[in-house]
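Colleague: Each chain, letter by letter, is given below.
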Amino acid sequence: MSGTGISRTRTGLEVRLEPAEFDVLRTLPSALVAVLRGEARPDMTARLYPPASTDDEVAATFRELVGDDLMATKIESAQRFAATLESGTLRRRRWVVELDADDAHAWLSAINDLRLVLAPIAGIDDEDAWDAGPRVEHPESLLLYHLSWLQEQLLAALTAGLPDAPRPDASDD
Amino acid sequence: MPPSPPVLIPWPDASAVAPRSEVTASAPVAVPERTEEPDTTQDPDLPWNVIVWNDPVTLMSYVVYVLRLLFGFSDAKATRLMLQVHHEGRAVVASGPRERAEHDVHRLHAHGLQATMDRSV
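These protein sequences, in sequence, are chains U and H. The number in the numbering used here is simply the position in the first sequence, starting from 1, with 1265 added. The number in the numbering used here is simply the position in the second sequence, starting from 1, with 13 added.
Hint data in this document are derived by calculation from the structure and do not stem from the laboratory. Worth double-checking, as some hints may not be accurate.
Covered stretches of chain H (chain U as the covering partner; in silico rule of three or more C-beta atoms under 8 angstroms from a C-beta of chain U) [said to hold, decoys possible]: (1) 61-71; (2) 80-86; (3) 115-124.
Glycine included, C-beta positions come from ideal geometry on N, C-alpha and C.
Work out the full structure, taking the sequences as your base and the hints as a guide.
Modeller: Structure (structure tokens):
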């Protein structure tokens, strides 16, 4: 298996990264945690913690009840992403990381939050902005596109593990 | 939402997903005698809708996965809802009592989706 990407194994998921890819990814979690805590890029707060209702009172109550928990959950995902990334091994010139289901979901969440933060910096403010493709002179744009690919890899591997049939409690109308 | 790499998905039918109200236990047939008028000034116990909103960053495949993960929807239903979010700007993904709507919005926010809870009328 010489390619990079994410695949399912008997015990979970296997992530194979180029060493240069690993070098970039490992710099991201601490930056993300700073943004999640509101210590950096406060303009991102509204998108990372959107209002829970168009009713201001309901939104305020929600923020009071779950705001801290939401921040803690996101930070935990970012830290789990960092820890599992570092726990990989170099195998035939690939950085290989083994993930269980909980690790995979932490990666999914952390990568999604990273995409949300990078997008406006990369100039994505509406759907049409994707038409131009990655801007090669712009590191944030390249990183955003790379994280999109990585997220798609993760989703393909995770989706293969979802049951075909809807849950008994879920309607299917 | 930006599209995923080309994937063959079943084309959904055009009908919008209608909010499902909670099935409540029906009142007993024999109504007990009342000596006073019931309080009609309180709001009826309307269900709360859980709404997912479109945004230009979140991948379509991500929305489908999160809806399947959190609500147990089939791929077809989750895809239908995602396409409604994509084309119409928003979709109701669940409907029920306030506490459950709060819980659903919390979980959706934890996965980075823009979601709100609003009264159904």
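Colleague: When the hints from earlier in the document are held up against this structure, which numbers fail?
Modeller: Of the numbered hints, all hold.
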